[in-house]
Structure formats: C-alpha cells, structure tokens
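Residue numbers (our numbering), protein chains in the order written: chain A, -2 to 111; chain B, 3 to 116.
No lab work stands behind these hints, which were simulated from the structure alone. Backbone N, C-alpha and C fix where the C-beta goes; we use that ideal spot for every residue, glycine too. Hints are not guaranteed to be accurate.
Pairwise CB distance ranges, derived in the manner of DEER restraints [said to hold, decoys possible]:
1) A:D52 <-> B:T17: 42 to 52 Å
2) A:R25 <-> B:R46: 20 to 30 Å
3) A:K64 <-> B:M29: 26 to 36 Å
4) B:M29 <-> A:G56: 39 to 49 Å
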Amino acid sequence: QKEVEQNSGPLSVPEGAIASLNCTYSDRGSQSFFWYRQYSGKSPELIMSIYSNGDKEDGRFTAQLNKASQYVSLLIRDSQPSDSATYLCAVRHWGGTSYGKLTFGQGTILTVHP
Amino acid sequence: NAGVTQTPKFQVLKTGQSMTLQCAQDMNHNSMYWYRQDPGMGLRLIYYSASEGTTDKGEVPNGYNVSRLNKREFSLRLESAAPSQTSVYFCASSRTSGNRETQYFGPGTRLLVL
Chain A
-2 QKEVEQNSGP LSVPEGAIAS LNCTYSDRGS QSFFWYRQYS GKSPELIMSI YSNGDKEDGR
58 FTAQLNKASQ YVSLLIRDSQ PSDSATYLCA VRHWGGTSYG KLTFGQGTIL TVHP
Chain B
3 NAGVTQTPKF QVLKTGQSMT LQCAQDMNHN SMYWYRQDPG MGLRLIYYSA SEGTTDKGEV
63 PNGYNVSRLN KREFSLRLES AAPSQTSVYF CASSRTSGNR ETQYFGPGTR LLVL
C-alpha cells in the first residue's frame, strides 16, 4: 500500500464548477498536510497547508482534513482554465527517523474546460 | 531573492558518465532536499539534509551521493549514470517553525541518460 494515495485522474470539470481532489494516507502519525500545484514542465508550488482537523479556506481553495479517516481533500471553487495542472498531496510525519521527510502522492491531473 | 536555484536545467549523459547537480538557496533555510519525479510516480525523496553538515537517505538513494557544502548549497552526484536515472530532479529547501514546514522548490533539472 502506498503511503499517500491520490486518484491520478484526469479529473475534468467545466469552468465555474467545484473541483474536488482527494488524498488518503496510511501513517497515523502524520501531522502536516500540504497541497502543491504543478503546471506542466514547472516545479511544484505550495498552495495550501493544513495541520488540524476541519476546513481551512484561502480564497477559492478549501483544504479539509479528517485524521480519523486519514483523509485530506482540496476543493477549488469557481474553477478556471488556469487551474488546470497536476495537484500533489504531501504528508509529513514529525519526529523520529522520518524527521524532515515529506511523502508525496502521485498527483491528480485536473483539467478545467471552458 | 532568487529562492532556490538549480544548475544545469537540462543534461544528456551517456551510461557510465558522472555528473553533479548543483542547488543553492538564499532564504537561510536549514533543511534541503533532493527529489526525482517520474511519470505516474509523484516526487520521491533521494536524500535530505536537515542542517549544515548532516545528510540522510530518503526513499531512493541508490546510485546517488550528496554533499551539503554549506548552509546555502546542496549538491547531488551521479557517479555512474544509468538509463534508470533519466528523470526530472528537483531541489527544495524548507523553513521549519515548530510543527510547521514550508518547502520551496527549484525549477528542476531534466536529465536524460542514454
């Protein structure tokens, strides 16, 4: 079982719709959760981080974390064609031999069509 | 601030050749990382350095060596390149504040091993 799993997609949504991206993780000791956006041929760019259960909103982006279910999601409201990219979920375990290690999912390709 | 810089941007090697990928950051970060990204595999950690003078293996260290030259620079060396090392290599650095961490990525080095 992969440590961090995402549906690789592609996920296609119409412009203006809500895009929902999901991620599950296997390590119950994980404490920090991140969503990165990566445009084709570019490097990953951090768009959201979340550390406690519940929702965190930043503009059109909402991250949701449920540690009991080991599940983190990213909602993009009013999706725009410029949101078309690969979205990477990353999970960090604090302390022990995993200190400093960020584990990434394989990424979900999102396409927003006009 | 240039952030995280990497050289070279592109490289073609023949099997058995060696090379060093350079990475530097000007954000005064303690931690630095080397990842490789392959299609459908997400980002996989090769090596990381939690602070100047320390390095640790990540998920896929075989065939690589690293040097944390000083706080700014973290290099990755391929002693004898193999076609399986064809990939995109990303360097990252991070600022850690308590339980929080933000990783910033360089633009990447695209390596082709023939």
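Evaluated hints:
no.	hint	result
1	A:D52 <-> B:T17: 42 to 52 Å	50 Å, holds
2	A:R25 <-> B:R46: 20 to 30 Å	22 Å, holds
3	A:K64 <-> B:M29: 26 to 36 Å	30 Å, holds
4	B:M29 <-> A:G56: 39 to 49 Å	24 Å, violated
Checked against the numbered hints listed earlier, the structure breaks hint 4 alone; every other hint is satisfied.
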